[in-house]
Amino acid sequence: MAPSRLTAQVAGVNGKTALRFLLRAFGAAILVLVIWRVTTVGLAEGYPASFWISQALNGLVLGGVYALVALGYTLVYGILFMINFAHGEVMMIGGIAGFFALQFSQARGWLEGPWPVVVVALLLIMLFGMAASVLIGVTLERLAYRPLRQAPRLVPLISAIGASLFLQYSVLLIFGVSPHSYRKPALISGGMRMGDVFIPYTGAIIFVTSILLMLALYFIIQRTKLGRAMRAVAEDRATASLMGVDVNAVIVITFMLGSALAGAAGVMLGFHNTVVKFNSGFVPGLKAFTAAVLGGIGNIPGAMFGALILGLIEAIGPSALGIPTEYKDVIAFTLLVLILIFRPSGLFGEVLSEKKA
Amino acid sequence: MTALLSIQAVTKVFGGLTAVDNVNLDIEERSITSLIGPNGAGKTTLFNCLTGLHTPEAGQILFDGRSLIGLRPDEIIARGVARTYQNIRLFGRMTALENVLVGQHLQLRASHWSAVLRSARQQAEERAARSFALELLAFVGLESHAEVVSTNLPYGEQRLLEVARALGSRPSLLLLDEPAAGMNPSETDRMMELVHRLRDEKGVTVFLIEHDMKVVMSVSESVAVLDYGEKIAEGTPEEVRANARVVEAYLGPEVVLQDTVATSDI
Amino acid sequence: MTPIRANGAIRNGLIAFAFLGYLILIGIPGRIGGAALPVLALVAALFFWVRLRRDASGTDGSFPQTASPTGKPGWEIGAPGHTVSQEQVMPLPGAGGALAIRSGLLAGITTGLLIAIVSFAFASAIGSGASIQPVLDKIVPVNVAALIGVSPGQIANDEVPTLRYLLLVLIFTAAGLLAALAVVAARVRNPQKAPVARLSKSLDSQLYRTVARFTGILLPFLLLAYIAWLGIPGVSAFGSNEGTVRLLLTLIATGSGLFALRLVRPGREQNVVAPLLALGALTMPFILDQFQNSVMGLVFIFVMMGLGLNIVVGYAGLLDLGYVAFFAIGAYTYAFLSAPFSSPYISSLLNLLAISPEIPLLGYWTALPVAMLTAAIGGILLGIPVLRLRGDYLAIVTLGFGEIIRLFMLNLGELTNGPRGILEISQPGLFGLAPQSFSSGFLSSQGWIFLLALISSALVAFVAIRLNDSRLGRAWFAMQEDEDVAEATGVHLVRTKLLAFAIGATFAGMAGQLYASRQINIFPENFSLFVSIDALALIIVGGIGSPAGIVLGALALKGLPEVLRGVDEYRIVTFAALLVIMMIVRPAGILPSARRRTQVAAPDEQALTPGAEEPVAKELDGDTARQAQAASPQSEAVRDKEDQ
Ligand SMILES: Nc1ncnc2c1ncn2[C@@H]1O[C@H](COP(=O)(O)OP(=O)(O)OP(=O)(O)O)[C@@H](O)[C@H]1O
Ligand SMILES: [Mg+2]
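Chains as they are written, first to last, in the numbering used here: chain A, 1 to 357; chain B, 358 to 623; chain C, 624 to 1267.
One or more hints might be untrue.
To be verified - Each computed SDA-like pair below joins lysine to any residue, with the alpha-carbon atoms no more than 25 Å apart:
1) A:K184 - C:L759
2) A:K328 - C:L846
3) A:K328 - C:L759
4) B:K559 - B:E544
5) A:K277 - C:I1007
6) A:K277 - C:G653
7) A:K184 - A:R146
8) A:K184 - C:P757
Don't read these hints as lab results, they were simulated from the structure.
Start from the sequences, fold in the hints, and give me the full structure.
So this is what it looks like as structure tokens:
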């Protein structure tokens, strides 16, 4: 405790005048721009309220998926202080595996059966995707990251980039170029209508499932012995191991948990976007990382809220600013920069020493 | 004679904790002053305020008659206040010589263009910097280790190297944060001698934090004592040693009490 | 004891199977054709050999060659390191030999059985008419047939003789046996030393070293001469593959030139050899053909990029993943100036001003400062918001910037012409002459680009090295080591960081401009994240902070894949796998800079305690710190590797 605070005290540089001014000016300029666009363009378009609501619901669904992936980043970062750059690919592999499980169930006719059968089949599909992701995640940790635990931080990052490329192109080679398209079973392909707002079933299911999974994770971390060990390792690996925590096991389990969530996200994203391909994990992965940083990396509720906020802003932003939807990634990254300037430890981040940031 | 450094009512608060509480202290030119106090008393925090790593919430710091408040660390070292760190913070992968050269960063004026073209002026400046750096290494006794990567130096010599690096900026005030911490007796003696030579040969005013009472007593001309952020005593070493509040701060009131009880029992 | 051994052997077999299975899934046997089975068996044998040799050396993991002599003072006598390794005398050769053979056999059988089962499954599935391909793209009759060693027809008709599968098992078992025998044989002959050590010992004579040195220095010249000879019309040594082989030779020649530069002694020898090497390099564009020149041009454009990025990442320690932004800015600036008609916005603007958009606004050389300046301004503008960020945060934000720039290029159709790109960018001339007119056949258009890239890289390297050698370089490095202390030592952080961003961006801008004129037409896809990753990967593979390493990295990462054009499909996976392996085996790069080498030899606390625990490490009290220094980092690395 004391040592880290002592370092913090020297590291805690106050933003000094010139730099602070530059940053503030930069942030203020963007804020003014945003407010101006929103008032003069976005609101002037006169979209009906139902449009905004359905956009927002869309955003929540997307946010739920991002949250599952973001949790993987945050868990790993919290313990190993590395960006698992290949985490998006872990998710993609979950999606691919889910696709094959879906095909299999469809071939068996399980998805046309009575609804309990369909629900069980869908659960199995998701579990299969999660299992595939866990397998890949653990292998990744074992082969590409574990040997580098003592290395300077740049080294595992590069290794992760290599792993990310490797996974992407291996999937391309093994499963071919053609995108794999998810066909929704009839049971969940419709939607419900509430006034002017249409809510697709898949959207609702995705949102609810991600919330449930997040709650499960939160429970594991806060309430179980395993969770306590994880938190101990995150706090101080050396001390935790002196206290008898098996650090390696904890790290592997962290990767398993993160990958399982990512696998679920991959399957759900497959249903949401209808296609999965070798590179469809990359951009969501980046977004999820952004979300994790938004919420304060290493902070679990932060990742969830950061992801929901990111999903919302991405869904509403383009229309509100009156710009083409192609720029939604620009919005996401601009948001990230703004947050990091004004709250370097993220929206909900505990005050990390800047050393870590 | 006016003081070289004048700390006036400086207060630094972390959250709910007042780490430095309304401290006043004057340091005369070419003096050696020690700052002592129990762990967590706020000594390092005061140093951080002096060197611009923290901005105090209240108070004034005058150096050479001009305020240091609100200046960046690099502006403060440019004024002539250099420091070392309690937890050694050298540039680990640099050699000893390079560390001292970085210390001279502000002394060097040649433009970056001239560095690319290796103009005669720039070359002369670099040569001068190099020989000054070697001179400083010799001053602290590390002349034979100039090319050693600094993490490979023994602990005690790393502390000496930090002093040399600080001297690179030709400071008039040098802040040493526990210079003898973790040293063995002979290394400690060497450090004490160095502190004297800093003042006598380099004309540097020295303000140091130290826990080792032997060092404090033998090296300093005046001593200030901090406890819970407050200055509780100031004076010559003898005066401070005799001060009841200081004894209490170090040993705690109960201990003092028990002690008296114990003696009376006998 | 024995059961543990058996488990280990089966594990080895499983790992080998996993790896071979991967190769089968990505279709390697089909690629190799008839020789597939022996090749796979050889791969397995090699793997077994490595594993068995490690297992056989006994106590590996638990006693790495720990503690350099300083580690335990007065503990060792004699040459450092030697004592420890000699104490690890082999276990009894006889018993150990039998053990090794047994585990080799077991591992081989495991692998063989599994592969036989899998190939049987594939073959019978295909034979019975089930199509696997929609799921596993590469599991086609050709591939499976090559694996089993039969003809595709036999697979399709389901008439593979069962004996074939037995043969499969036998071949892999033989591979295991072979590996075990090799291990045992090596041990019997010389139980104490690894073959490499033995070899280097016997070659460690003065004469040998001198000869090797001079051969090393001469090699690039010999290769160059050979390449030139191959270029003479009528000479042909490699048939239809001529072009690719010459490219490979060129890459090797360039690389060996770098090693030659390291081999020469400073002083007179260097004064003679270095200019000769430079001259040799300059003749290359004249003797290569269009294809080879275009590859080499690209390689050296990436050298420029790498040198620029190295300033930001290697010198200043700011991890920038959005470096492609500046490359793009340079390229598009020149593109707008050179082909204004391609951009709707600019051409209408010019029409307003009554200037014809049909002719270039500026030539290559007059546009150069403009491109450099815009890139530098871009560097500063993108640098300001990230000034306060460190490490991974910086990486991710800059990565975001790179993507933002690309999205803008893609979507600002009015300005950049969107995905249709900017077309017909003009080539660099010389004193107002068009490139064709002065080269008069000696120099192909791509050769001219290569020549320019070569000269610019040399200039950039010169500037980078000199800057790094000045107070600015020291400030950068200090900042990388400890930002707060650097500031308290007088380094103006804002200025120093922005200078790094600006200089790095300037170099990228130069590279971008040359790239635009090399490509003639540029599109937003040319500036994807992969450019940043390539640039970063090449400086890391080459050796961060070392210009020679960067050239080598560019040769390896941008040049070699072109040689492998034939196996295009497998390029990226190979590259990616190499990246990971490289990080594990040689994180400092192929030709590391002196500083990185010292880092590997003696890391700061960071290497001993993971980055996260840095604060703890810094607070070590005297005794622990001393111990921490003493513990040999090499041993850490070794232990880690053995742990696997
Ligand atoms: N950046 C910071 N944030 C919050 N609290 C801090 C910070 N820096 C110091 N403190 C607290 O302020 C108090 C004074 O700390 P300081 O390091 O100044 O004590 P010190 O007198 O130097 O002690 P020591 O003898 O152990 O070095 C301590 O309680 C410390 O925990
Ligand atoms: Mg202190």
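Report task. Verify the proposed pairing of K328 of chain A with L846 of chain C, using a straight-line Cα cut of 25 Å. Result -> 53 Å, violated
Query - Hinted pair K328 of chain A and L759 of chain C, Cα distance within 25 Å - result: 35 Å, violated
Query raised in the report: CA of K277 of chain A to CA of G653 of chain C, is that 25 Å or under?
Result: Satisfied, since the Cα-Cα distance of roughly 24 Å is no more than 25 Å.
Query raised in the report: Given the hinted pair K184 of chain A and R146 of chain A, is their alpha-carbon gap at most 25 Å?
Result: 39 Å, violated
Requested in this report: For the pair supplied as a hint, K184 of chain A and P757 of chain C, confirm whether the alpha-carbon distance does not exceed 25 Å.
Outcome: Cα-Cα ~19 Å, so holds.
Query raised in the report: Are the Cα positions of K277 of chain A and I1007 of chain C separated by 25 Å at most?
Result: 37 Å, violated
Query raised in the report: Within a Cα-Cα threshold of 25 Å, do K559 of chain B and E544 of chain B meet the stated pairing?
Result: 21 Å, holds
Requested in this report: Take a quick look at whether K184 of chain A and L759 of chain C sit within 25 Å of each other, Cα to Cα.
Outcome: 22 Å, holds
When held up to the earlier numbered hints, the structure conflicts with 2, 3, 5 and 7 and fits the remainder.
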